[in-house]
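Participant: Sequence:
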Amino acid sequence: MDMRPSFISSSIFLAITLVTLLACDKKEELPTEPPLPTTQSIPAEISDSSSKDKQSKVNPAGFNGFGPARFGGNEEDIRISWGRPLKASKPAKGMSCYYLYSDTMPQQRGVSFMLEDGRFVRYDVHDPRQTAPGNIVVGDSTSAIMQAYAGHVHNQPHKYIEGAHTLIVTPPQDTQARLIFETDANDKVIEWRVGVPPQVYYVEGCS
1 MDMRPSFISS
11 SIFLAITLVT
21 LLACDKKEEL
31 PTEPPLPTTQ
41 SIPAEISDSS
51 SKDKQSKVNP
61 AGFNGFGPAR
71 FGGNEEDIRI
81 SWGRPLKASK
91 PAKGMSCYYL
101 YSDTMPQQRG
111 VSFMLEDGRF
121 VRYDVHDPRQ
131 TAPGNIVVGD
141 STSAIMQAYA
151 GHVHNQPHKY
161 IEGAHTLIVT
171 PPQDTQARLI
181 FETDANDKVI
191 EWRVGVPPQV
201 YYVEGCS
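Just so you know, the working numbering puts 152 at position 152 of the sequence shown, and the rest follows in order with no gaps.
The set of hints was computed from the structure by calculation and includes no laboratory data.
Each hint should be verified, as a subset may be incorrect.
Computed cross-link-like contacts, DSSO-like style, restricted to lysine-lysine with a CA-CA straight-line distance of at most 30 angstroms [what the hints assert, rightly or not]:
hint: 1; residue 1: Lys87; residue 2: Lys188
hint: 2; residue 1: Lys93; residue 2: Lys159
hint: 3; residue 1: Lys159; residue 2: Lys90
hint: 4; residue 1: Lys159; residue 2: Lys188
Whenever a hint applies, use it, and build me the whole structure from the sequences.
Facilitator: This is the structure in structure tokens:
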């Protein structure tokens, strides 16, 4: 009996099997694309650190005072609230109005606190790092103020700077305090203050 056809068939089958195995090996050797990054690969402390910082910082500026120092309090209350050295100005002759101010105040970069008759009545801010109630800072625009305090702003010409404005904010809370912004002729905030009448309206401060 002739066994050659069977032998040939077996050889062909083995050849096909070998080719198939080699092809599979080559496919496995092909480079694959790197997996897409997942949210777990992004460090949480980096991705949301800025928002955490903003939420963790409590703004001391308020309509009732500055930090724990409330309007109507004394000089010691202000010093405790500020927590750093403050210098005191000298009242003008015959007047009881004076300021406590930070070392940076002469360069118009600080926060100062007005007292009259021994009472805390107002604070003034020139520092763009300090935020007013409503999240406005030195350098912001008049339009930003109008938007932040919509319906609570009285806009009037500045007493001394031509083209500039004084914007008086009446808070919705039941308080006599007022927030006043001073702008330049380009409608940019150059300073702001919070206080109680009549001292908050003193354009020249204690002068």
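Participant: Next step is simple, just say for each hint if it's right about the structure.
Facilitator: These are the hints, each one checked on the structure:
1. Restraint check: the Cα-Cα separation between Lys87 and Lys188 comes to about 29 angstroms, which is no more than 30 angstroms; the hinted pair holds.
2. Between Lys93 and Lys159, the direct Cα distance comes to roughly 25 angstroms. Compliance with the 30 angstroms bound is thereby established for this hinted pair.
3. A distance of roughly 25 angstroms separates the Cα atoms of Lys159 and Lys90; the hinted pair therefore holds under the 30 angstroms criterion.
4. Of the pairs offered as hints, the one joining Lys159 and Lys188 holds, with about 16 angstroms between alpha carbons and a cut-off of 30 angstroms not exceeded.
Comparing the model with each earlier hint shows no violations; every hint is respected.
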